[in-house]
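Protein chains: 2
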Amino acid sequence: MIAVFGHRNPDTDAIASALVYAHFLTRQGTEAQAYRLGELNFETSYVLRELGLEAPPLLPELPAGAEVALVDHNESAQSAGNLSELTVTRVVDHHKLGDLSTQTPAYLRFEPVGCTATILLKLFREAALSVEREDARLMLSAILSDTLHFRSPTTTADDRAAVDVLASLAGIEDVEAYALAMFAAKSDLGDTPASQLLKMDYKVFPFGEPAQQWGLGVIETTNPGYVFGRQAELLQAMTEAREAEGLSGVLLSVVDILNETNRTLVPGPAEQQVVQDAFGAEVTAQVADLGGRISRKKQIVPALETYFASRT
Amino acid sequence: MIAVFGHRNPDTDAIASALVYAHFLTRQGTEAQAYRLGELNFETSYVLRELGLEAPPLLPELPAGAEVALVDHNESAQSAGNLSELTVTRVVDHHKLGDLSTQTPAYLRFEPVGCTATILLKLFREAALSVEREDARLMLSAILSDTLHFRSPTTTADDRAAVDVLASLAGIEDVEAYALAMFAAKSDLGDTPASQLLKMDYKVFPFGEPAQQWGLGVIETTNPGYVFGRQAELLQAMTEAREAEGLSGVLLSVVDILNETNRTLVPGPAEQQVVQDAFGAEVTAQVADLGGRISRKKQIVPALETYFASRT
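Protein sequence lines correspond, in order, to chains A and B.
Under UniProt numbering, the first residue of the first sequence is numbered 1, with each subsequent residue one higher.
Under UniProt numbering, the first residue of the second sequence is numbered 1, with each subsequent residue one higher.
Calculated from the structure, these hints are not laboratory results.
Backbone N, C-alpha and C fix where the C-beta goes; we use that ideal spot for every residue, glycine too.
Worth double-checking, as some hints may not be accurate.
[Claimed, not checked] Keeping only pairs whose Cα atoms sit at most 30 Å apart, straight-line, the calculated BS3-like set for lysine-lysine is:
1. A:Lys-96 to B:Lys-122
2. A:Lys-122 to B:Lys-96
3. B:Lys-96 to A:Lys-297
4. B:Lys-203 to B:Lys-96
5. A:Lys-96 to B:Lys-298
6. B:Lys-199 to A:Lys-96
7. A:Lys-122 to B:Lys-122
8. A:Lys-96 to B:Lys-203
9. B:Lys-199 to B:Lys-96
10. A:Lys-96 to B:Lys-297
[To be verified] For the chain B half of the interface with chain A, some residues (derived, Cβ under 8 Å), not all of them:
11. Leu-86
12. Gly-98
13. Ser-101
14. Thr-102
15. Gln-103
16. Thr-104
17. Arg-109
18. Glu-111
19. Pro-112
20. Ser-130
21. Glu-134
22. Ala-181
23. Phe-228
24. Gln-231
25. Glu-233
26. Leu-235
[What the hints assert, rightly or not] Beta-carbon label-pair distances, calculated as ranges:
27. B:Asp-174 to A:Ala-309: 49 to 59 Å
28. A:Gln-272 to B:Glu-85: 44 to 54 Å
29. B:Ser-168 to A:Gly-52: 46 to 56 Å
30. A:Glu-132 to B:Ser-195: 54 to 64 Å
31. A:Ala-309 to B:Gln-276: 44 to 54 Å
32. A:Gly-208 to B:Gly-291: 44 to 54 Å
33. A:Thr-26 to B:Gln-196: 47 to 57 Å
34. A:Gln-272 to B:Glu-39: 54 to 64 Å
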C-alpha cells in the first residue's frame with residue numbers, strides 16, 4: 001500500500017492530485033491511499049462537497065521505510081515530518097526540484113506546467129486508461145485553482161488543453177462559471193482566525209547565502225475588501241509568526257483574482273526594505289502595491305531569489 | 001540550443017541516449033546537440049561504426065547559465081565539472097535521484113527500468129513521433145548493453161517490450177547475435193593500458209557516515225581470461241587510483257557475461273575486509289568470488305550501502 005499525499009497547507013491541487021493519483025495507481029494494480037497534510041481550504045472543501053466526496057484522512061505517522069508517493073511538492077520542508085525515513089518511489093510535480101533524493105531508482109515525473117493534475121491527465125492517456133467523471137472534475141478543479149482559470153502566468157498550453165478535455169469528461173459546460181464559484185467559495189473566509197488566514201497558502205523559502213528563511217503567504221480572493229478589513233489582525237499574526245518560527249521576514253500577498261492585482265501586507269521595516277528593493281514597490285500604510293505579480297512561484301519567489309543572491 | 005549528455009566514462013546508453021534524445025528534442029522543435037564526457041568504450045565504438053555514425057563531440061566548458069539536458073545520470077559527481085553553474089531543464093534517467101536540484105521547474109523523467117533508452121522510446125510513443133531506423137538501433141544497442149541482453153537483474157518487462165519493438169524498427173532479426181557481436185567488441189580490449197581498463201566503466205560512490213569514497217569499476221566481458229591475464233597490472237592501477245584520488249577503497253568486478261558470474265579484484269587488506277564482510281565472499285590471491293552478482297547498481301552498491309550503514 002502506497003501513501004499518496006501533497007504538500008502541507010494543502011490547496012486544491014495537493015488534495016485533488018493525491019486522490020486522483022491514488023486512484024490511478026490502484027487501477028493500475030498498485031494499491032494506494034490518498035492522505036492530506038493539513039486542513040482543507042474553503043475552495044477545496046467546496047470542490048469535494050459538490051462531488052459528495054470525503055476529504056482524504058490526515059497522514060498518520062508512517063513507520064520508517066513505508067512507501068510513499070508525493071504529488072505537487074518535493075521539498076522536505078513542505079512534506080511529511082519524517083520524510084527522510086520514508087521510501088519515496090513516485091513523485092508527480094510541477095515545482096522546481098529541491099532537496100529530494102531517493103534510495104533506489106523511482107518514478108519521477110516533473111513538468112514545468114501550471115498544475116500537477118495536468119501531468120496526471122497525461123499519465124491516464126499514456127496508460128490508455130479511461131478517466132472517470134469524478135477524477136475528471138477533481139483534475140479540472142485543480143487546474144482552474146492553480147492557474148486561476150488561466151489568469152496566472154504559470155499557465156501553459158498543456159493546462160489549457162487539459163481543461164478542454166476534462167471539462168467535457170466532467171460534464172461541466174460553463175467552465176468560467178464553475179471557476180468563479182470555486183473562487184467565491186475560497187473568498188468566503190467567514191470568521192477564520194487571522195493566524196489561520198495567513199497559513200492557508202503559506203510556504204517557507206530559503207533565500208541567499210547563508211540562507212534567510214522567509215514565510216510567504218498568499219490569499220487569492222475575489223473579495224480583497226474583506227481581507228483588508230482585517231489588516232491589523234493579519235499584520236499582528238505575521239509578526240507573531242516571524243518570531244515564533246525564527247524567520248527573517250513574512251509577507252502576505254492578497255491577490256485580487258478578478259482584477260489580477262497583488263497588494264502585499266508588510267509587517268515591519270525589514271520586510272519593507274526588501275519589498276522596496278526587490279520589487280521597486282511603493283509601500284503605504286504597510287501595504288505594498290506589487291501590481292500584476294499574482295504568481296508566488298513565477299513572480300514573487302524568483303524576484304526575491306535574485307535580490308538576495310545579489311547581496312551575498 | 002540545449003546540450004545533451006550522459007555520464008562520465010560513457011557507456012553505450014550514455015552515448016546512444018544523448019544522440020537519440022538530442023534528435024528527439026530537435027524534431028520536437030527544441031534545438032539540441034549531443035555531447036560526450038569522455039572516450040567511447042569499444043562496444044560503443046562498434047555500435048557507432050556499424051551505423052556509420054561519428055561519436056558526439058566532447059562537451060566543451062559551457063558558459064554559466066547554459067541550458068543542458070542530462071541523460072543516464074543525475075549526480076553532480078558523474079556529470080559536467082561545472083554542473084552547478086548550468087541550467088538543467090531536462091533529465092531522463094533510470095538511476096536513483098542524488099544531489100540534483102533545479103532553479104526552475106524542469107522536465108524530469110525517471111523510471112526504475114534497465115536502461116534510459118527504454119524511457120526514450122516511451123517519449124517517442126507519447127509524442128506520437130515515428131522512430132527512425134538509426135535511432136531505433138541506437139536505443140536497441142543501449143538496452144542490450146545495459147541489460148546484457150536481459151541477463152542483468154536490472155532488466156524489466158518494459159526493457160524486453162522495448163527491445164521487441166526496436167529490433168523490428170531497426171531491422172535486426174537475430175537480436176542475440178547482434179548482442180554477442182557488441183559484447184565481443186567490448187571484450188576485444190587489445191593493448192589498452194591497465195589504468196584505462198579500470199576506468200572504462202567506473203564510478204565513485206560515497207558509503208556510510210561520515211562518507212568514505214569508494215571507486216567501483218566493472219569490466220563486462222565474454223573473455224574474462226584476457227582480463228585475469230593482466231591481473232598484476234590491474235591491481236597496481238587500482239592501488240594507484242586509490243592513492244591518487246584519495247579513496248578509501250577500489251574494487252574492479254570482472255563480469256563474465258556469458259556465464260553470468262562476477263570475480264572481483266581486491267588490491268589491498270582494507271578492500272579484502274569489506275568484501276568478506278559485506279558479501280561473505282572468499283578472497284583467494286586477491287580475487288573475490290562474488291557469484292552471480294553481476295549488477296553494480298542492483299547487487300554491489302546496495303550490499304555495500306547496507307554494510308557501511310550498519311557500521312555507523
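Here is how each hint holds up against the structure:
| no. | hint | result |
| --- | --- | --- |
| 1 | A:Lys-96 to B:Lys-122 | holds (23 Å) |
| 2 | A:Lys-122 to B:Lys-96 | holds (23 Å) |
| 3 | B:Lys-96 to A:Lys-297 | holds (27 Å) |
| 4 | B:Lys-203 to B:Lys-96 | holds (14 Å) |
| 5 | A:Lys-96 to B:Lys-298 | holds (28 Å) |
| 6 | B:Lys-199 to A:Lys-96 | violated (34 Å) |
| 7 | A:Lys-122 to B:Lys-122 | holds (13 Å) |
| 8 | A:Lys-96 to B:Lys-203 | holds (27 Å) |
| 9 | B:Lys-199 to B:Lys-96 | holds (22 Å) |
| 10 | A:Lys-96 to B:Lys-297 | holds (27 Å) |
| 11 | Leu-86 | violated (14 Å) |
| 12 | Gly-98 | holds (6 Å) |
| 13 | Ser-101 | holds (5 Å) |
| 14 | Thr-102 | holds (4 Å) |
| 15 | Gln-103 | holds (6 Å) |
| 16 | Thr-104 | holds (5 Å) |
| 17 | Arg-109 | holds (6 Å) |
| 18 | Glu-111 | holds (6 Å) |
| 19 | Pro-112 | holds (4 Å) |
| 20 | Ser-130 | violated (17 Å) |
| 21 | Glu-134 | violated (25 Å) |
| 22 | Ala-181 | violated (29 Å) |
| 23 | Phe-228 | violated (32 Å) |
| 24 | Gln-231 | violated (33 Å) |
| 25 | Glu-233 | violated (34 Å) |
| 26 | Leu-235 | violated (32 Å) |
| 27 | B:Asp-174 to A:Ala-309: 49 to 59 Å | holds (57 Å) |
| 28 | A:Gln-272 to B:Glu-85: 44 to 54 Å | violated (33 Å) |
| 29 | B:Ser-168 to A:Gly-52: 46 to 56 Å | holds (49 Å) |
| 30 | A:Glu-132 to B:Ser-195: 54 to 64 Å | holds (60 Å) |
| 31 | A:Ala-309 to B:Gln-276: 44 to 54 Å | holds (50 Å) |
| 32 | A:Gly-208 to B:Gly-291: 44 to 54 Å | holds (52 Å) |
| 33 | A:Thr-26 to B:Gln-196: 47 to 57 Å | holds (50 Å) |
| 34 | A:Gln-272 to B:Glu-39: 54 to 64 Å | holds (57 Å) |
In the structure shown, a violation is registered for the earlier hints numbered 6, 11, 20, 21, 22, 23, 24, 25, 26, 28, in ascending order.
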